[in-house]
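2 protein chains.
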Amino acid sequence: MTRIVLHEVGPRDGLQMEKQAVPTDKKESWLRGLMDSGVDIIQVGSFVHPEKVPQMADTDELFRRLQAGKKSPAVLSGLVLNEKGVERGLACGVEMFCMGASASDTHSRKNAGVGTDEAVPRIVAAARAATAAGKRVQVSVQSAFGCGFEGPIPEPRVLGMVRAYLDAGLRNISLADTAGHAHPALVERLFGAILRMDPGVELACHFHNTYGLGMANMFAAMRAGVGSFETSIAGLGGCPFTKVAAGNVATEDFVQALQLQGLRPEVDLERLIALARDVVAHFGREMQGFVYKTGPIKAKERA
Amino acid sequence: MTRIVLHEVGPRDGLQMEKQAVPTDKKESWLRGLMDSGVDIIQVGSFVHPEKVPQMADTDELFRRLQAGKKSPAVLSGLVLNEKGVERGLACGVEMFCMGASASDTHSRKNAGVGTDEAVPRIVAAARAATAAGKRVQVSVQSAFGCGFEGPIPEPRVLGMVRAYLDAGLRNISLADTAGHAHPALVERLFGAILRMDPGVELACHFHNTYGLGMANMFAAMRAGVGSFETSIAGLGGCPFTKVAAGNVATEDFVQALQLQGLRPEVDLERLIALARDVVAHFGREMQGFVYKTGPIKAKERA
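In order, the protein sequences belong to chains L and U.
When the letters of the first sequence are read in order and numbered with the numbering used here, they come out as residues 878 to 1180.
When the letters of the second sequence are read in order and numbered with the numbering used here, they come out as residues 878 to 1180.
Hint data in this document are derived by calculation from the structure and do not stem from the laboratory.
Being a predicted model, the structure only gives us computed values, none of them experimental.
Treat each hint with caution, since some may be false.
Simulated crosslink set (DSS-like; lysine-lysine; CA at most 30 Å straight-line) [said to hold, decoys possible]:
1) Lys1175/L x Lys987/U
2) Lys896/L x Lys1175/U
3) Lys1175/U x Lys987/L
4) Lys1175/L x Lys896/U
Kindly generate the complete structure, drawing on both the sequences and the hints.
Right under this line is the structure:
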């Protein structure tokens, strides 16, 4: 079995949704905690215009702080939208660049300002720039499993984008369930189709837990051969008091699930739970995670 | 593929956990709504001593009300602990008797007053009495996937109980994850082992969503060949403000998940969501379900 790679995205995907920006020192303390927990990759933030997403205005500063004397083996990733983002990221110490285009034309126009057909070459150009600089790169297809604006996304459309990435030599590919419409059968089908296109591709997944299927979709992805899983501490990003709760599966919930199956025993679950509780305390509201509420299943109780 | 059977257990497993008893009229209105929604089996209540579980004191009365002029094809099930419970259930119109013994000796002593070895023959006797009366019967192994008191439960112990049930001619068998410790690999292994013992057995599952694995475990059970799934409306039974939130997966979340995969399209999801919202409004606190908060994925948006 492939080693399961844990990619923490709460500091980016979670915090960008919060109305109030989290102080940089607080973010830094959470990020350092994550780096010490044994999680493999941590998405520190995104490189977007600070007027558009003020919550991410300190991304460059955070990378500089975390890179100063860095000893942790955790890979620090950043989300970029274009080549300009890659330049910013290279200047402050991004180790892995994540970027993507949406399979939904409507979502792409709202999010990236251009339709899918224009967004894909832009992403490919940014990915090539980051690759040329010797950095790790992950390219994604957003809204791969359906879209709140457009409804179902034809599978050939998703696979066509994957083909464009593969043809550009990009072999670390993520499918993102932006709207939360994915279900296990679709997850197995789409990832299976990609592996038939290129059995050597590195696959990643990003599921929003909007309708309660996040964990089931992750296990479906694991069966399909996906190796890298994006989660967020405490389930950050979802809010029980908004209409659509759209966080990822909580990192600590997924880590406990893996450990119940004998996987990734070295990851520090207790530390992740303490971190999740600190995040929850900071925001003062319950989040989607389960294990930070219940505490872990004790080692002696595990089947 | 086997038809997926939906067994609603909220009115029993959920309401028995609530501090305040729900008025009988309110329960009746929820039960009638469930009967009209297209769910296959509904667990109306349990036959326990009213001093022990006062929330279930009106179970006989509810069965009598629902049986008067009943037209719905929904099967009304009741939980019993022994032959006396079967007598009570036969007198008021129970159509399907559910009963079980715990694979954890400690849990069995706390719950049934006797250890597993004494509990199993008691359950077999009750099951035979109900079968002899021409009723449907489902026998379960509680704490089949681990126990908060005893920790891991040896798999041969669970399979030994299943063997005792099979030898008694009982072929509708449920495994219950009382503590919420189940994980997909264990679910597939245990149910797979039972199907190898008797490929014709009817299998059911009951997962508590304590650690966020309920839905993933249900999909694992489906793959393993389980046909009947116990869920609770709104995820009733869990409480976000208690230390261990131990509800089942929400019925409406599971129904939407099935419908995304083309299964059970005739079940009235909108009605289930309205019911879940009425349950939540009654208790005045958020529950574990997702879809009652977000609304359904619209038909035109489904992949």
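Consistency of the hints with the structure:
1. Lys1175/L x Lys987/U: Satisfied, since the Cα-Cα distance of roughly 21 Å is no more than 30 Å.
2. Lys896/L x Lys1175/U: Since the Cα atoms of Lys896/L and Lys1175/U sit roughly 28 Å apart, the hinted pair holds (cutoff 30 Å).
3. Lys1175/U x Lys987/L: holds (21 Å)
4. Lys1175/L x Lys896/U: holds (28 Å)
Of the numbered hints listed earlier, not one is contradicted by the structure.
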